[in-house]
Every structure is written in structure tokens, then in C-alpha cells.
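*Asks:* For the sequence shown, position 181 (counting from the first letter as 1) is numbered 181 according to our numbering, and the numbering increases by one without interruption.
No lab work stands behind these hints, which were simulated from the structure alone.
Cβ atoms here follow ideal geometry from the backbone N, Cα and C, with glycine treated the same way.
One thing to keep in mind: the hints can contain errors.
Simulated restraints, written as ranges between beta carbons of each label pair [said to hold, decoys possible]: (1) Glu205 to Tyr121: 34 to 44 Å; (2) Asn64 to Met1: 43 to 53 Å; (3) Asp202 to Tyr121: 46 to 56 Å.
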Amino acid sequence: MTKAVLFDFDETLQDRTEAFEKYMDLFFDEFCPGLPQKEREKRKEDMRITGNGGYVDREEWYANLIKMWHWENAPSNKELAKHYDYRFGDCCVIFEHTVPLLKELKNRGYIVGIITNGPSYLQNHKLDESGLRKYCDITVVSGDVGIHKPNPKLFEYTADKLGLPANECTYVGDHPINDIQGALDAGMKAIRMNWGWFKGRDLREDVPVIDDIIDVLKYV
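Just need the whole structure built from these sequences, with the hints factored in.
*Replies:* Put into C-alpha cells, the structure is as follows:
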């Protein structure tokens, strides 16, 4: 029996794809304000294609973009990576049904929480800006714990904090390895959010698949 429903953040509760669109506009407004629109759109597409849904070494990623764009007098790749870590959280785009879902889960008596991978400041900033903490009994950021998904110990750590066995927790996420395999390896049940960079990839017959976060209610 599920007593706790736990969530990934990006591409599960937040539309990270749309948040990244907002971030790119912020980025070019700040660093390339006079860039012609056609070139701006080209560079945004470069960022989408090479960004790998956020799964990149950001210093390396920016270094490659600086070279690709022949960007003269560019800030350093370290400065740009820091900008991302400190400003991406300002660009939150929560899915339309995220808050109604969390409220309904609480109304039904479930424990609700978030387990998210990433640096402490970046992910905590997102959580703060999202306004979702007030609906959660627990929020766990891998950068605060020093354990990262898909390591099952991060899922086990969260269940232990809640005083629950892992098999009484259901985890919802978009990443087939970090979220789904990690949760299953920890002994949790899993629900796949079919969205974002990994949409349609590595779906499993033994794991329910949803396209709208509200459909979690069908499986808990």
C-alpha cells in the first residue's frame, strides 16, 4: 500500500523545457542584448540541441558554445555556468496540474515529497521559486545529501526520513534510469512521466506511463 508519493522536479512537476526557453531569453537579454533576432534564434537552437535536456557538464557546455559562436569577448565558461546555476531558478514553469495534484494527494492523506538531482543552490532555488514546498512533507536535493540518483541510497535515505519502508513509497519521474530504475532498485514503486528530453524512450511494460501529471491519481 502506498503511503508516500514522491516526485522528481524537472520535467515532472516543472515543465523544464519551457523553463529553459525562459532562461535562454534571460541569458541573451543579459549577455547579447544587441544580437540580431535571426542569430539569436539560431543560438537558442544550438543551446537546445547541445543542452541534452540539462544533462551536461555546464562549464564544458558553455566552453563549446563560445567556440561554436566565435563569441569574442565572451564571459568565461565558469562565469556562464555560475549564471545558469544562480538564475535558472528564476525561470520556473510549473505544469498546470501540479498544484491541483499535490493538493489532492494531501487531501487523500498521502505523504508528499520531492527528490531532485542537482547542485544545492540551483535546485533549492527552483523549489523556493516554484512555491511547491508548502505542499510537501519532505524535499531532498542530492547536492545537500552527497548522493545522487540513480543511486538507490538516495531513495532509501528519503524513505528512512519519512519512517517508511521503501515499498510503501511511489516515485514519479521522467528519467528512465535516474528516476525509474533508481526508485525500483530501492524497492519503491514507480510511475513514468513521459515528457521532455526522454519522452518515448526506454518505456517499460512494468511501469505505468503518464503524459499529464494529474494522472498519478489513477495509479496510487
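*Asks:* Need the list of violated hint numbers for this structure, in ascending order.
*Replies:* Checked against the structure, the only hint that fails is number 3, while the rest are satisfied.
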